[in-house]
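Participant: Those protein sequences? They're chains A and B, same order as listed. First residue of the first sequence: 170, per my numbering; consecutive thereafter. First residue of the second sequence: 317, per my numbering; consecutive thereafter.
No lab work stands behind these hints, which were simulated from the structure alone. Just so we're clear, the structure is a prediction, and the values are computed from it rather than from any experiment. Be aware that a few hints might be false.
Claimed, not checked - Straight-line Cα separation of at most 35 Å, DSBU-like style, residue types lysine-lysine; simulated pairs:
1) A/K302 x A/K264
2) B/K327 x B/K626
3) A/K263 x B/K581
4) A/K437 x B/K517
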Amino acid sequence: MEERKPILSAQDIEIEFTLRGRKLKPIRKCSLDLYEGETLAIVGESGSGKSVFTKSFIGMLDNNGGIKSGSIMFEGVDIAKYTKEADWLKIRGKKIAMVFQDPMTSLNPLKVIGEQIREVIELHQGIKGEESKELAIQMLEKVGITDPRNRYNQYPHQFSGGMRQRVVIAIAAACYPQILICDEPTTALDVTIQAQILDLIRNLQKEMGMTVIYITHDLGVVANVADRVAVMYAGEIVEVGKVEEIFYDAQHPYTWALLSSLPQLGVKGEPLATIDGTPPNLYNEIKGDAFAPRNRHALKIDFIENPPYFNVTETHKAKTWLLDPRAPKVEHPHAIQKLRARLKREGNQ
Amino acid sequence: MAEKEKLIEVKDLQITFRVGKKDFVAVDDVNFDIYRGETFSLVGESGSGKTTIGRAIVRINPTSKGEILFNGKQINGKISKELDREVIQKCQMIFQDPMASLNERAKVDYIISEGLINFHLYKDEKDRAAKVQNALKEVGLLPEFASRFPHEFSGGQRQRIGIARALIMEPEFVVADEPISALDVSIRAQVLNLLNNLKQKRGLTYLFIAHDLSVVRFISDRIAVIHKGRIVELAETEELFHHPLHPYTKALLSAVPTPDPEIEKQKKLIVYDPSIHDYSVDKPKWVEILPGHFVYANDKEVAEYKEQIKD
Numbered sequence: 170m171e172e173r174k175p176i177l178s179a180q181d182i183e184i185e186f187t188l189r190g191r192k193l194k195p196i197r198k199c200s201l202d203l204y205e206g207e208t209l210a211i212v213g214e215s216g217s218g219k220s221v222f223t224k225s226f227i228g229m230l231d232n233n234g235g236i237k238s239g240s241i242m243f244e245g246v247d248i249a250k251y252t253k254e255a256d257w258l259k260i261r262g263k264k265i266a267m268v269f270q271d272p273m274t275s276l277n278p279l280k281v282i283g284e285q286i287r288e289v290i291e292l293h294q295g296i297k298g299e300e301s302k303e304l305a306i307q308m309l310e311k312v313g314i315t316d317p318r319n320r321y322n323q324y325p326h327q328f329s330g331g332m333r334q335r336v337v338i339a340i341a342a343a344c345y346p347q348i349l350i351c352d353e354p355t356t357a358l359d360v361t362i363q364a365q366i367l368d369l370i371r372n373l374q375k376e377m378g379m380t381v382i383y384i385t386h387d388l389g390v391v392a393n394v395a396d397r398v399a400v401m402y403a404g405e406i407v408e409v410g411k412v413e414e415i416f417y418d419a420q421h422p423y424t425w426a427l428l429s430s431l432p433q434l435g436v437k438g439e440p441l442a443t444i445d446g447t448p449p450n451l452y453n454e455i456k457g458d459a460f461a462p463r464n465r466h467a468l469k470i471d472f473i474e475n476p477p478y479f480n481v482t483e484t485h486k487a488k489t490w491l492l493d494p495r496a497p498k499v500e501h502p503h504a505i506q507k508l509r510a511r512l513k514r515e516g517n518q
Numbered sequence: 317m318a319e320k321e322k323l324i325e326v327k328d329l330q331i332t333f334r335v336g337k338k339d340f341v342a343v344d345d346v347n348f349d350i351y352r353g354e355t356f357s358l359v360g361e362s363g364s365g366k367t368t369i370g371r372a373i374v375r376i377n378p379t380s381k382g383e384i385l386f387n388g389k390q391i392n393g394k395i396s397k398e399l400d401r402e403v404i405q406k407c408q409m410i411f412q413d414p415m416a417s418l419n420e421r422a423k424v425d426y427i428i429s430e431g432l433i434n435f436h437l438y439k440d441e442k443d444r445a446a447k448v449q450n451a452l453k454e455v456g457l458l459p460e461f462a463s464r465f466p467h468e469f470s471g472g473q474r475q476r477i478g479i480a481r482a483l484i485m486e487p488e489f490v491v492a493d494e495p496i497s498a499l500d501v502s503i504r505a506q507v508l509n510l511l512n513n514l515k516q517k518r519g520l521t522y523l524f525i526a527h528d529l530s531v532v533r534f535i536s537d538r539i540a541v542i543h544k545g546r547i548v549e550l551a552e553t554e555e556l557f558h559h560p561l562h563p564y565t566k567a568l569l570s571a572v573p574t575p576d577p578e579i580e581k582q583k584k585l586i587v588y589d590p591s592i593h594d595y596s597v598d599k600p601k602w603v604e605i606l607p608g609h610f611v612y613a614n615d616k617e618v619a620e621y622k623e624q625i626k627d
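Only chain B is shown next, with the shape it has when bound in the complex (with noise of 0.2 Å):
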C-alpha cells in the first residue's frame, strides 16, 4: 500500500452553503485520499452531499474548510492564476444527465473543442480539427458527427459526447459525476466499458459517484459510503461488501436489487435509523479499524465493530 501515489487528498472538508440567512452545511468533516490509477466511488442517497464534493475537486464549488490536494498541491480557496489553469486542464468531469449537460445551440465540433480554445492548446486549426476527430474516435463515435447539433443525438451518444469533451483536455483525473444513471440498460454496458478502456489506456484515475450500488461494485476499486454529508464507512471494494460494518452501509447494501428471484424473494430490508447512534457523551471519530478500512464511529461502536470482525 505505501508505494501507492496519492493523487487527490481531501482532508476535513467542510462545505457550505448559504440558504436565506442561516449556513447549511452540505458536507463536513470529510477526508480520503484517491491513489493515482484507480477508481474511487462515492455512493450515497440523494443529498448526501456526493456530488458537492465532486464539484469541490473541479473547483465549481468554494469550500469553507480543509482541503483539497492535487499532486500535493494544495487547490482550494485562492490559488495563483497558473494552478488554477492547471487544475481546469487536468480535472475534468463528466456530468450526470447527458440531456441537460450539452450546449443546445453549438455544433458538437465546438462542445468538444470549447477547452482547448480557452487554454489556446493547439497549433492551427487543422490541429484543432484533427483533436476533436481523434477524440471523437476514441469514444466510438463517427468524426463527421462534428458537424451535428446535441439534439440529433441520442442519450447514450450524447453522454459519449460529454465524455469526449472531458478526454480532449488530456486530464490526470476525471470525475465522474452518475454518468450512466440516465441511460438505458443496454447503453449502460458500453459506456462503462468505455470508461474502463479509457483508464486503462490513458491511465486515468476516477472519482465515480453514483447511488446504484450493483454498477459501483463492478468498476470501482475502493468506495466511500456517504451518509448527510459525512462519510461513515470507507473500504476496498469486496471488503465492503462482504463485510460493511457500519449500519447505513448494511441499509445500503440490503436495498441493492440482484438479478436473480430467489434471493431477491427472500430478501430482508434493512432501514437505517440514525437514532441508534448515542453520540451526547462519547463523540464519534474517523477510525482505520483494519488496514485500508474506515469507520466513522465512536468508542463503544468501534469495540463492537471489532467483535464483529472477529466472527
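So that you can see chain A by itself, here it is in the shape it has in the complex (with noise of 0.2 Å):
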C-alpha cells in the first residue's frame, strides 16, 4: 500500500443537538480519513448518523446543535473550529459541495435552471456576465443535457427527476470542489436512471479528478461505485475497509445483518434475515456496544463496555469484541458465506 495523504481527516468528532432542553448525540466519537481521489461510502439506517457527519465538513449542522469536540482537518486548517458563516462559505461549495437526495426539492423552483448554476460560479469564482453564462452552459452540457442553451432557461418543473438530478449535480460540480459529498444522490429515482446518474458522477470524478463521499443505504450502490466503505451504526463508525472486504470479509455483526438481509440474497420460500429491535435511543447514553441488544452474536462484555478498533488489515478494521483473541470464535452467517459463490454463478450466466 502506497504511502497517501488523507485530504480531510476527522478526529473524534462528536456532535451534540439540544432539542427541548435534552442532549441529543447523533455522532459519538467518529474518525474517518479521506484520501485523495477515492470514492468512500457511507452506509447505515436511516438516523445512524450518516447525514450528520458528512454535514459537519460543510457546517451546515443545524443551529440548535454543533461539534463539541475533535477535529477536522483540511488543507492544513482545523474547519470545526469554524464558527463564522464566512468562514465556511471559503469552503461550501467552492472547495467541498454537495449533491442532496431529492432533486424535487433541492431546486429553487422559482428561478431557470441556468441561473443557478451560474449563481454559483459568479460567487466563488467572481467570474461575471456573458462568462459565467459560457461557464453555466459548459457544466449543463458537461452532466449530459441535450440542448443546453435552450435548457438554460427552463424552470425545475421542465424537467423530469433524473434531468433535476443531473442539474443539481452541475450546480455541485460547477466550482470543480475537492470534494464532492453526494447524499442519497439516487434513492428517489428510477433503477434505470439510477445507473446513469452513478455513471455520470464516475465521469465527472475521473474528469476532475475529485474525491467523493457517497452516503447511502443501498448496498448494490456501494458495490458499484465505492473504492472504500463505512458502515455507521447510531453515530459510530463500526466498520471501515475497502469495499472488497467489507463484502467479502466483514467482521462487524451489524454488517453481516445488513447485508444478509437484502432480497438478491435470499432464498425463494424462506424468510429473509432481518435486524430485530430498533436503534437506540440517542438521547440516553449508551452503555457498552450500541448494536449489542439486536446482535445475535452478542457477549457480556458487549453490554459493559464499549468495544476499541480492532485491525483486521491494514485498511481494514471494525469495532466488535468478536475480533478479541479471548472472543469465542463466531461462524460468519450462512448467507454471507454464500454471496460470494452464489452471486460469482449467477454473474457468469
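With the hints in hand, could you dock these two chains into one complex?
Facilitator: This is the structure in C-alpha cells:
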C-alpha cells in the first residue's frame, strides 16, 4: 500500500444537538480519513448519523447543535473550529460541495436552472456576465443535458427527476470542488436512471479529479461505486475497509445483518434475515456496544464496555469484541458465506 | 399449467386520462392473467402505467376499453351495486408511501376498521374491537397501538398499519403498490417477510408493483415488464432473469445493482433505444414465444428471438 495523504481527516468528532432542553448525541466519536481521488461510501440505516456526520464537513449542521469536540483537518486548517458563516463560505460549494437526495426539492422552483448554476460560479469564482453564462452552459453540457443553450432558460418543473438530479450535480460540480458529497443521490430515482446518474458522477470524478463521498443505504450502489466503505451505526463507524473487504470478509455483526437482509441474497420460499429491534435512543447515554441489544452474537462484555477498533488488515478495521483474541469463534452467517459463490455463478450466466 | 385457476383476467385493457382537451393514453393493449395463490409482479419505470393498472383493478381508475374479470365476472365499467361491494371487499390495496396514506387525524383503531364500518362487517362494538386487535397482532404490532395516532409510528410500523387495514376486509386479492420502496433497508426485509407469511397463511394472491427488480425476483412467481403503458414481456421469474428477450427487459436487468463489487465494477449498462423497433409496416403483436413466456414483438423480431432461444 503506497503512502497516501488524507485530503480530509476527521478525528474523534462528537456532535450534540439540544432539542427541547434535552441533549441528543447523533455522532459519538467518529474518526475518518478521506484520501485524495477515492470514492468512499458511508452506509447505515436512517438515523445512524451518516448525513449529520458529513454535513459537519461543510458547516451545515442545524442551529441547535454543533461539533462538541474533535477536529476536522482540511488543507492544514481545523475546520471544526469554524464558527463564522464567512469562513464556511470559503469552503462550502467551492472546495467541498454537496448533492442532495431529492432533486424535487433541492432546486429553486422560481429561478431558471441556468441562473442557479451561474449563481454558484459568480459567487465562488468571481466571474461575471456573459462569461459565467457560458461556463454554466458548458456545465449543463457536461452533465449530459441535451440542447443546453435552450434548457438554460427553463424552470425546474420542466425537467424530469433524473434530469433535475443532473442539474443539481452541475451546480455542485460547477466550481470544480475537491470533495463532492452525494447524499443518497439516487434514492428518489428509478433503477435505469439511477445507473445513468452513477455513471455520470463517476465520469465527472475522473475528469475533474474529485474525491467523492457517497451516503447511501443501498448496498448495490455501494458495490458499484465505492473504493472504500464505512458502516455507521448509532453515531459510530463500526466497520471500515476496502469495498472487497466489507463485502467478502465483513467482521462486524451489524455489517453481516445489513448484507444478509438484502433480497438479492434471499432464497425464495424462505424468510429473509432481518435485524430485530430498533436502533438505540440517542437521547440516552449508551452503555457498552450500541448494537449489542440487537446482536445475536453479543457477548457479555458488549453490554458493559464499548469495544475498541480491531485491525483486520492495514486498511480494514471493525469495532466489535468478536475480534478480541479472547472472544469465542463465531461462524459468519450462512447468507454471507454464500454471497460470493452465489453471485459469481449467477454473474456468469 | 392448465389446472391453475384464473383469479384476475385483464383483456385488451386501455386507460386514458383527459389532459386539457386531449385524451392521453396511459395504458394500452394490456393482457395478463393472475392465477389464484401466486404473486404476480408488474415492473417498470415511473410513468410507465404500472400503478394505473393496479388502481384500475381495484376500481379507483376508470377504464376506457377492454375488460377486467375477477373470478370470471367483469368488474370494470358499470357494474351492479352488489358486485361493486364484493370487489371493494375482496380486492384491497396497500399503498406506496406509508407517510401519506394514513389519515393523520384518525386513530389507528378507526383507520383499520373504516372498511368494516362502511360495510357493517361486525356484530357489535366488541366484535369490531376484537377484529382490530387481531389484525394488529397479525401484522406484528401491539394491540394497544389502536388508540394511537399515525404520527407516533415509524415508517415500517405505518406500512404495517396499511397492511392491517387491507387484511381486515379478508380480501382474496391484494394490490401492493411499491410497498417497500419508501422504507429503510433493514425494515424492507421485515415487511417482505410479513407479506410472504400472510400470503401463505391466508392463501392471498398478490399483484406486486415495483421498479426494483431485485426485490421482485425474491417475492414473485411471474413478472410482467411494462414500458410506456404496454407490457413488453411476461414470463416466470427465473425464466425472465435468465432469458430476457425484449431489449427493454435487458436494459432494465442490466441496471439492477448487485451487492458484489467485482461483478458490479465490470458491469456494462445496456441503454434501451425504442427507435430500434421498426413497426411502420410489420405491426407488433402479443406473442407467446415459449409456453408461459410472452413478448411484444412483430414477426421479424419473433424470428430473431426464436434464434436467441436456440443459442
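Participant: Compare the structure with each hint and give your call.
Facilitator: Hints and how they fare:
1. Between A/K302 and A/K264, the direct Cα distance comes to roughly 21 Å. Compliance with the 35 Å bound is thereby established for this hinted pair.
2. Annotation: proposed proximity of B/K327 to B/K626 holds, straight-line Cα distance about 30 Å (limit 35 Å).
3. Of the supplied pair hints, the one linking A/K263 and B/K581 holds, its CA atoms being roughly 30 Å apart against a limit of 35 Å.
4. Of the pairs offered as hints, the one joining A/K437 and B/K517 holds, with about 16 Å between alpha carbons and a cut-off of 35 Å not exceeded.
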